[in-house]
Amino acid sequence: METWRVPEQVKLSWRCWGDSCVCYHHGTGDTHLFKQPYISILEQLQNQAMSVEDICAFLQQQGMESIDEEVRELIEIFLKELLRLSIIEKVEG
Amino acid sequence: MQTPLLVDCLLHPKERVPSLSLNQWDLLIRQARQARLMARLSLVCRENGVWDAVPEQSKAHLLSADTVAAKQRQTVDWEVHALSKALSRIDVPLVLLKGSAYHIAGLDAGRQRVFNDVDILVPRELISKVELTLRNYGWITGIMDSYDQRYYRKWMHELPPLRHITRKSSLDVHHSILPDTARFHPDPKRLLADAVCLDAQRNIYALSPLDRIIHSATHLFHEGEFENALRDLFDLKYLLDEFSGRDAQFWQKLTARAATLDLSLPTFYALHYCRQVLDSQIPQDTLDALRGASGVGLRKSAMDFLYRRVLRPDHQSCDDGFSGFARWCLFVRSHYMRMPLHLLVPHLFRKAMQPDSKG
Amino acid sequence: MNSRLSTELQNEGLKIRIGPFSVSVQSQLKTVLLGMEQLYRDYPSLDAQDFIDFHVAIKAPGGLRRWYHPQALFYFDGRQPFKPLPYSQAFAFFEWGLNWCFAQHSNQYLIFHAAVIARDNKAVILPAPPGSGKSTLCAGLIHRGWRLLSDELCMINPQTGLIHPVPRPVSLKNQSIDIIRNYDAAAEIGPIAHDTAKGTVAHLKVPHEMITLQEQTAMPTWVVLPKYVPEAAATLIDMDKGDMFMEVALNAFNYSVLGATAYDMTADLMDRCHCYRFSYSRLDDAVKVFDQLFEGKV
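Protein chains in written order, with the numbering used here: chain C, 1 to 93; chain R, 1 to 359; chain S, 1 to 298.
One chain only, chain C, in its complex shape (with noise of 0.2 Å):
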């Protein structure tokens, strides 16, 4: 199964308000905005390397009742911009 994560060398900063995160990159430079769950599930892919599957158990555990096919897909979409941002890489093997 394919997992993602946070790699080691890409160091965000982040600031928070209400239910909004601005997230700084050291690398690239670039900031980005985040909005909940997704600042959730950036925070677990800090910690560990997570398939679509264990981000689905994880929305599940914070209390999210129905992950549908389309709330997968979302993920998706959004692990892709992650990938596009240098946010996120694939982890091998």
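Just so you know, the hints here were simulated from the structure itself, not pulled from any lab data. These numbers come from a predicted model, not from an experiment. Positions of the beta carbon are idealized from the N, C-alpha and C atoms, including for glycine. Among these hints, one or two may not hold up.
Pair ranges (Cβ atoms, derived) [said to hold, decoys possible]:
{"id": "1", "chain 1": "S", "residue 1": "T261", "chain 2": "R", "residue 2": "R111", "range": "15 to 21 Å"}
{"id": "2", "chain 1": "R", "residue 1": "P55", "chain 2": "S", "residue 2": "D264", "range": "25 to 31 Å"}
{"id": "3", "chain 1": "C", "residue 1": "E76", "chain 2": "R", "residue 2": "R124", "range": "37 to 43 Å"}
{"id": "4", "chain 1": "C", "residue 1": "E76", "chain 2": "S", "residue 2": "H274", "range": "34 to 40 Å"}
{"id": "5", "chain 1": "S", "residue 1": "D47", "chain 2": "R", "residue 2": "G292", "range": "55 to 61 Å"}
{"id": "6", "chain 1": "S", "residue 1": "F82", "chain 2": "C", "residue 2": "E69", "range": "49 to 55 Å"}
Keeping the supplied structure of chain C fixed, place chains R and S upon it in accordance with the hints.
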């Protein structure tokens, strides 16, 4: 010709900087801006204990340049990181050229230096594979007409400039340091064979110290763009100062290596102008040996006339009536050095028909 | 025109202080002389011994161009960073060109693309998406008790977090020119340039007392994202600080150049300021809301 204020202050900061009037600072900042040496001037002032003598108004400009330099370091570090990742996929070492190599190697020449792009050298036989891999990682050929595309692929020593699709950074992928059509034919295999490792874990290399100097010299004396000529000459001076201090046999080795690579002529000019324009300490016998090997003859006085006008800040305060003419002559010469005349004339003609494109 | 100002402009260059910057302007073009006489007469002048941050000139090309589609050229220290514009836009070209010089070469400040006004040195930052009506709003407010710090450049000092004024003429477009002319009889408007990329453009003079206060910094206190909505009542609603962060950062001139410093500064700014979206249609209503904002009644 009088030494430009900028050169004087960069070479003798302790003597010159504290006594500058506000009017002179005005001129110094303008020359430094056009020569793209402002951040270096800032560093030189700090390291020579004359920062406190800089008036507040001028400090603002130096601080602004420091900020840009820091941003460029961040950008280059990230590009190098991304490149090493991409090339590791196909087990091709990342060989950095010019500014990014100086910076990653931690050389004095790389400090507070302004970068245009990242330049890398790859073995010719791997160029297509590298291009394909880089494309998968987001580096693509910019918009270019088919004439330019063909020109690059047929005659040049590099791929058409690549641009990263999200980061917009530019990358030059070279397979040689001069076009095949150039008068001199340094064998890129020799350069790659001598490349030194900068970072084993990430598989990052640079040319050997001698080759870095010779490449820098070749670049300066064969490229047709002189906007950064003074900055490039300072690169050479800093490289020479640093490397010559590390090895007692340095000058003999440099002369021999230049001959091996068939690049004694640009190396001679580089050393000659470092001494003439930037007061570098170059042994006379080294210059004599390089000159002998390069076969440079009477033309030298004409070259002096031209280069002494180009190796100055590209600022109106440093121009005389011949500066524009000198830049044009050297532009044509650089093309002549790179391409036989029957190719050159149609190319320049085409360039002349496209006023907005770069030669 | 034989004033000292126009003599200097036509010869060695008019040397003046605008906010923290010293500028030398050189031009012989009639419309530039006229605009400078009208809009720049109150700035403190500098003498020949002074350090000049920006040397600019507006010229016209010679030859046939003088008669056939005449043009204006903008020079920054002997170089032309822009393509020529039609001669009729010469004065606006100077305004835009000088803005570019400030924004491009002053990375000792974090510079947002926003108007800034203040009262009691408490500043409102008005970020500027195109078509927001920011300049009109700003022009109205400075004739009703607010001080202009800048119409385009919100310059924040990284050491202090304070905003440094650069009071320059306020750029007005199309109908706004007449709206402001009718709004206050004291409003002085410079040369009008027709058919620019932005339509008809003219510049409003900065009132004299605001130029005398151009070294007085102000504390950022509110960030207000304005939007002109035809027929709408003036309403202020809270805006998410994360959204506002991105709004100002994406519209900044040098946010990316300052890197982590810019990120920290912008985050501190969001912490310190109240953030609002503001929609309005009539200037008088807008003025009332800004009065309430200042008095803490919002």
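Legend entry - Distance restraint hint 55 to 61 Å, applied to the beta-carbon atoms of S:D47 and R:G292: holds (57 Å)
Legend entry - C:E76 versus R:R124 beta-carbon gap, inside 37 to 43 Å or not: holds (40 Å)
Inset, instruction - Starting from the range 49 to 55 Å, see whether the pair S:F82 and C:E69 falls in it by beta-carbon distance. - result: holds (52 Å)
Legend entry - Satisfaction of the hinted span 34 to 40 Å by the C-beta atoms belonging to C:E76 and S:H274: With Cβ atoms ~38 Å apart, the hint holds.
Legend entry - Status of the given 25 to 31 Å range, CB of S:D264 versus CB of R:P55: Since R:P55 and S:D264 have Cβ atoms about 29 Å apart, the given range 25 to 31 Å holds.
Legend entry - Hint check for R:R111 and S:T261 - Cβ pair distance inside 15 to 21 Å: holds (20 Å)
When the structure is compared with the earlier hints, no violation turns up for any of them.
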